[in-house]
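Model the full structure from these sequences, guided by the hints.
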Amino acid sequence: MNRRSVIVLVEDSDDDAELTLRALRRNQVGNEVVRLVDGVEALDFFCATGAYQDRDAGDLPELILLDLKLPRRSGLEVLEWLKADDRYKEVPVVVLTSSIEQRDLEKAYALGVNSYVQKPVEFAEFTECVAQIGMYWLLVNRPPTTLS
Amino acid sequence: VLALIVVLVGVNGLVAVRAAQARNEARAESTELRAVTADANELARELVDLETAQRGYLITAAPRYLTQYADVAKVTDRILAHLDERVAARPALQAPLQDLEEALDRWRTHAEKVEILARGHGLDAAAAAVASGEGSDLFDAARARASELVTTIERLADAARQESQHAYDRFVRVVAITLVGVLTVVVALSVFLSRWITRPVERLASSVERIGTGNLDQQVDVSGPAELVRIGSAVEDMRERLVTQISQTEQAAADLAEANAELETFSYSVSHDLRAPLRAIDGFSRALLEDAGDQLDEVAQGHFARIRAATLRMATLIDDLLQLSRLSRMAPVLGDVDVSANAQSVIDDLRAAEPERAVEVTIQPGLHALADPALANVVLENLLGNAWKFTANEDDARIELVGEGGAPDTIFAVVDNGAGFDQAYADKLFAPFQRLHTDREFPGTGIGLATVARVVRRHGGSIAASGQVGHGATIRFTFSPTATLEPRP
Numbered sequence: 001m002n003r004r005s006v007i008v009l010v011e012d013s014d015d016d017a018e019l020t021l022r023a024l025r026r027n028q029v030g031n032e033v034v035r036l037v038d039g040v041e042a043l044d045f046f047c048a049t050g051a052y053q054d055r056d057a058g059d060l061p062e063l064i065l066l067d068l069k070l071p072r073r074s075g076l077e078v079l080e081w082l083k084a085d086d087r088y089k090e091v092p093v094v095v096l097t098s099s100i101e102q103r104d105l106e107k108a109y110a111l112g113v114n115s116y117v118q119k120p121v122e123f124a125e126f127t128e129c130v131a132q133i134g135m136y137w138l139l140v141n142r143p144p145t146t147l148s
Numbered sequence: 149v150l151a152l153i154v155v156l157v158g159v160n161g162l163v164a165v166r167a168a169q170a171r172n173e174a175r176a177e178s179t180e181l182r183a184v185t186a187d188a189n190e191l192a193r194e195l196v197d198l199e200t201a202q203r204g205y206l207i208t209a210a211p212r213y214l215t216q217y218a219d220v221a222k223v224t225d226r227i228l229a230h231l232d233e234r235v236a237a238r239p240a241l242q243a244p245l246q247d248l249e250e251a252l253d254r255w256r257t258h259a260e261k262v263e264i265l266a267r268g269h270g271l272d273a274a275a276a277a278v279a280s281g282e283g284s285d286l287f288d289a290a291r292a293r294a295s296e297l298v299t300t301i302e303r304l305a306d307a308a309r310q311e312s313q314h315a316y317d318r319f320v321r322v323v324a325i326t327l328v329g330v331l332t333v334v335v336a337l338s339v340f341l342s343r344w345i346t347r348p349v350e351r352l353a354s355s356v357e358r359i360g361t362g363n364l365d366q367q368v369d370v371s372g373p374a375e376l377v378r379i380g381s382a383v384e385d386m387r388e389r390l391v392t393q394i395s396q397t398e399q400a401a402a403d404l405a406e407a408n409a410e411l412e413t414f415s416y417s418v419s420h421d422l423r424a425p426l427r428a429i430d431g432f433s434r435a436l437l438e439d440a441g442d443q444l445d446e447v448a449q450g451h452f453a454r455i456r457a458a459t460l461r462m463a464t465l466i467d468d469l470l471q472l473s474r475l476s477r478m479a480p481v482l483g484d485v486d487v488s489a490n491a492q493s494v495i496d497d498l499r500a501a502e503p504e505r506a507v508e509v510t511i512q513p514g515l516h517a518l519a520d521p522a523l524a525n526v527v528l529e530n531l532l533g534n535a536w537k538f539t540a541n542e543d544d545a546r547i548e549l550v551g552e553g554g555a556p557d558t559i560f561a562v563v564d565n566g567a568g569f570d571q572a573y574a575d576k577l578f579a580p581f582q583r584l585h586t587d588r589e590f591p592g593t594g595i596g597l598a599t600v601a602r603v604v605r606r607h608g609g610s611i612a613a614s615g616q617v618g619h620g621a622t623i624r625f626t627f628s629p630t631a632t633l634e635p636r637p
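Line by line, the protein sequences are chains A and B.
Position 116, counted from 1, in the first sequence is what the working numbering calls 116; the numbers after and before it change by one each time, with no gaps.
Position 26, counted from 1, in the second sequence is what the working numbering calls 174; the numbers after and before it change by one each time, with no gaps.
Among the hints, erroneous ones may be present.
Here are the computed lysine to any residue pairs in the SDA-like style, where the Cα-Cα straight-line distance is at most 20 angstroms [what the hints assert, rightly or not]:
(1) K69/A - S417/B
(2) K69/A - E388/B
(3) K69/A - E410/B
(4) K107/A - E412/B
(5) K69/A - V418/B
Hints listed in this document are in silico derivations from the structure and should not be mistaken for laboratory results.
Just so it is clear, the structure is predicted and the values come from calculations on it, not from any experiment.
Structure follows, in structure tokens:
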């Protein structure tokens, strides 16, 4: 595992963000996690604009965990931007959401989401779920280009 | 229109009758004139006889010629008298007849003078008088007058014949005109009827047919006779009311659909927003136990376990409620459902989750239903899950799925020998959140049977429960709108 590779977590709830980080740590995922609180901040980060204008826009994360119900710009808008962008479209995006709404599910897959997961309420299950996501997308799955 | 025909036929009839009369009169006149011509011709012959008799006497002086002369003169006078009578009504003949009579009188006066001369002075004197040619001239004049009379009469007869012919032509013409006129009126009448009655009736009929097929966009054409206008207006009123009612119904349906969509969005938001804090409660309780569990005594750890159990129960409640509300709005998509196979698969899952339990399950093979496959599965999962749950305390737990009657009117029954329930509360079983057991006895949300009942009713079917405390429960249901579910004694 490349130590420099970054996981981006777009999550407005501090609780959920904290629990996700805890679950990742429990599963020995050592990647740096960048947490972004809403759709606008996420787009600023990806485009290297606003607060993130000093960031190298070509520096791609290895995995994006995306909540859908976000303030300002929704997760679906962020997903649409990511999958329309020539570089970002190859970065795996896993939607992590509290409830599965059929319309959101269909829209997300239409936009090209890589995975769609409902966050379990029980922490043990949640931890297991995050572990599986990390295991699969960071270790099992092979992206088209080697990120280094 | 009838008056027009009557007037036309009446007037033309009069004209025709008069033409026929005129023709008859002209023909009668013509016949009469032929008789007059015969008289005139006879008169001309008698004149010749008269002159012959006179001449015979003058040559022979035989008295029989005088007698003959007198006889012929009498006949002549009779014919003249006859002619006078006939001519009285015909002024055109009076003049020539008078001329003839005068010429005849002059000749007879002369002839009788010569005769007297012959009687008194002898034949020589008479011969001299004859030789003078005066008698001959006078007789020629009389004859000329006679032939003039004949000519005049014949002319009149010709005129009468022509008049007769003209009257006949007139009669034919009038009859023809009448026929053409009546025909025209009849044609005009049928065109009028078509324009004024038949076509509006046809238009109205096609309007009504159009409305009958559900096309309500076009206005009904209200024209034509008063009765049709009344019918047309009534139909148009009906159409307008239909359009109004349909648009109201559509509006109501649209409002309902909008309300449903809002409700759906609301449900998901609620579900999302209620689940997030639950996840935090459970997650941080767990984190606290993991991070500082060694500092907590057993009582405190037990409290944490209760917090987490309550959290999960609430999560289940939210999920069940969401499913109930989703199923309520879902329109069933009917298909063939292999009930026996699906039930077996549900039982397999239950056995896998609790392998330690020994339950005798009997599923009648070959059961089918006409239902929405996903919804039918929800029914089986809940009913078999309930039976599984409520037989937990039985040593010889038995669950049975049977069906009466062939598909699609099959009435299914899930029978168990579990905890059962008081029949007095049978109605309450299918209402949401209604529980007949404490959570300690049997865990549950009280939404399962409400969901089952709603699914069954969404299919148009029915459901009933019967049971006895401690002696198990039987839930009978059918997806068929036509099958009747008699409550079991």
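Hint by hint, here is what the structure shows:
no., hint, verdict
1, K69/A - S417/B, "9 angstroms, holds"
2, K69/A - E388/B, "48 angstroms, violated"
3, K69/A - E410/B, "17 angstroms, holds"
4, K107/A - E412/B, "17 angstroms, holds"
5, K69/A - V418/B, "12 angstroms, holds"
Of the numbered hints given earlier, the model fails hint 2 alone.
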